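Protein chains in written order, with full-length UniProt numbering: chain R, 1 to 200; chain B, 1 to 200; chain X, 1 to 200.
Calculated from the structure, these hints are not laboratory results. Just so you know, these numbers come straight off a predicted model, no measurement behind them. Worth double-checking, as some hints may not be accurate.
Note that the list lumps identical chains together, so a pair holds whenever it fits in one copy or between two copies.
In the BS3-like style, the derived pairs of lysine-lysine whose C-alpha atoms are separated by at most 25 Å in a straight line are [unchecked claim]:
{"no.": "1", "residue 1": "K25", "residue 2": "K189"}
{"no.": "2", "residue 1": "K25", "residue 2": "K78"}
{"no.": "3", "residue 1": "K24", "residue 2": "K78"}
{"no.": "4", "residue 1": "K25", "residue 2": "K191"}
{"no.": "5", "residue 1": "K78", "residue 2": "K191"}
{"no.": "6", "residue 1": "K164", "residue 2": "K189"}
{"no.": "7", "residue 1": "K24", "residue 2": "K164"}
{"no.": "8", "residue 1": "K164", "residue 2": "K78"}
{"no.": "9", "residue 1": "K25", "residue 2": "K164"}
{"no.": "10", "residue 1": "K164", "residue 2": "K191"}
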Amino acid sequence: MFHTLDIIGTIAFAISGVLVAISKKMDLFGILIIAFVTAIGGGTLRDLLIGNTPVSWMRDMTYTYVILITTVVTILIKSKIDYLRTSLLLFDTIGIGLYTVVGVEKGISAGLNPIICIALGTISACFGGVIRDILCNEIPVIFRKEIYATACILGGLSYFLIRKLPIDNNVVFIIAGSVVIITRLLAVKFKIALPTIYKD
Amino acid sequence: MFHTLDIIGTIAFAISGVLVAISKKMDLFGILIIAFVTAIGGGTLRDLLIGNTPVSWMRDMTYTYVILITTVVTILIKSKIDYLRTSLLLFDTIGIGLYTVVGVEKGISAGLNPIICIALGTISACFGGVIRDILCNEIPVIFRKEIYATACILGGLSYFLIRKLPIDNNVVFIIAGSVVIITRLLAVKFKIALPTIYKD
Amino acid sequence: MFHTLDIIGTIAFAISGVLVAISKKMDLFGILIIAFVTAIGGGTLRDLLIGNTPVSWMRDMTYTYVILITTVVTILIKSKIDYLRTSLLLFDTIGIGLYTVVGVEKGISAGLNPIICIALGTISACFGGVIRDILCNEIPVIFRKEIYATACILGGLSYFLIRKLPIDNNVVFIIAGSVVIITRLLAVKFKIALPTIYKD
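Looking at chain R on its own, in the form it has when it is part of the complex (with noise of 0.2 Å):
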């Protein structure tokens, strides 16, 4: 179940990087390096950070299939993606929702303290989104003004408090991996956003 849950979020991340590198103009190889990297970029980071070489998409082949796959599907149904929007954030908030447990347990086996653990895990989440906009020329998304990373440091925080009691593992990473979800959901409904400092 683990794998799946890894796979979804590694075709929705995919997804978005595609329409952003399309709205860029971009080619068709500009557009699998965008899809390429918003979906594996926050793991490679987390797998450096820890020392875990050779990353994992260079050992385990399934990631590579999948978005090369999913890169040339989105190209083809374009049309009808853009009906999808609310799909495609769906499949997003997935993505981060599974990406920041992953990375809390990437971090756990590490031996890191739970604070590291959580920031490993948001950075697992956030980082492949940093890099899309870096090369795409835009403002990182979790800089603007929408909850994001916060969603995955809620996550990870819920972990910790949730994997003492007497429950399944996978319990405890469905339920982390659901805060960070329906938080952002929230959020992104009710347009709730944290303050600035800035003032004119």
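Fit chains B and X to the given chain R structure using the hints.
Chains B and X alone, transformed into the frame defined by chain R:
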């Protein structure tokens, strides 16, 4: 003593990150991220390049706590910080002085050539500011007309020149760090810059 | 022979970095940094991804000396280089040809899947130029309308197609590198580009 000075550098870099992020109208989370990245960016790249993983801030929680507290305090007293620009320059300069020498010593421990050690020290000192400026969509400070990385290189050179003298290692550390600090402060005071090649 | 060709690629990339940095009105240190980053960026990311640390240029001083000398010479003869744009394209193309095959071979040594090896070769060849362009605030060259990374991918594919033939490994190296070089030169000469998806 070594660790104390390292923490002072971390604080200075975190403050500079907070101030830049606020001026970019980022939200609270964005400010924290920029503070964190500015403070640990250089050390992280240094650790990745020499294969010292998990990277330092993941194993020693001191950095995280210091950055969190510094960020909160800086936001709270922001109105007063504006009057402290000179202190900030001083702190920032102490930061690059310390990070340069720490980077040089990590390179020596890894058995690297002196030139590479100096490069590593300069990377440690400068990369946090570079990544801060890239994330904030500005041209990195070290490429602007100002002595910055050059001060780090001079400090690194002086480290290798004096370490063969019969003096204590802590003294070598302090002298080399001071070379960085004094070079930078003199350059700012007297507006010394490197020449450019470009001709209109 | 291998090492000689590697050095030629390093020189070509360093020259291209110097020229871009000068056009951006950077100071002497900025020029040196951009030359260095362009020349070693791709190999550094490659080494980090496969966990080959300390990264190559930190262990073999040849790269550093070659880049330093190339930078100084390029600045001194800059007025003449302007007449050499064709030679520069040629050198740069030799560079990506060589770096692609070196990257592919490093991937094979690390026991990676052929597709991943080709990706690694392409990253080695292209990332230096990407990071040069990001630091100089330009849209990366590989995303512009021009065959660039595609040439690397074709070269990597040809490497795996011909390496099972009963021919010497050096010959495989030269043929695959030549595929990259010829593809790129033909694409530039005949202005061949990949199609884009974007419609106004």
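Here is how each hint holds up against the structure:
In this assembly of identical chains, the alpha carbons of K25 and K189 lie at most 25 Å apart only when taken from different copies (23 Å versus 30 Å within one copy). Only within a single protomer do K25 and K78 lie at most 25 Å apart by alpha-carbon distance; the minimum there is 14 Å, versus 34 Å between protomers. When the C-alpha separation of K24 and K78 is checked against a cutoff of 25 Å, the pair qualifies only within one copy, where the shortest distance is 14 Å, while the shortest distance between copies is 35 Å. With identical chains, the CA atoms of K25 and K191 are at most 25 Å apart between copies only, with a shortest distance of 18 Å across copies and 30 Å within one.
In this assembly of identical chains, the alpha carbons of K78 and K191 never lie at most 25 Å apart, being 27 Å within a copy and 27 Å across copies at closest. Proximity of K164 and K189 under a CA criterion of 25 Å is satisfied in neither setting, with 32 Å inside one chain copy and 57 Å between copies. Within a single copy, K24 and K164 get their C-alpha atoms no closer than 46 Å, and across copies no closer than 40 Å, so neither meets the 25 Å cut-off. Proximity of K164 to K78 under the C-alpha cut-off of 25 Å is found in neither arrangement, the shortest distances being 45 Å within a copy and 40 Å between copies.
When the C-alpha separation of K25 and K164 is checked against a cutoff of 25 Å, the pair qualifies neither within a copy, at 49 Å, nor between copies, at 39 Å. Taking CA atoms no more than 25 Å apart as the test, K164 paired with K191 passes in neither setting, with 33 Å inside one copy and 59 Å between copies.
The earlier numbered hints that this structure contradicts are 5, 6, 7, 8, 9 and 10.
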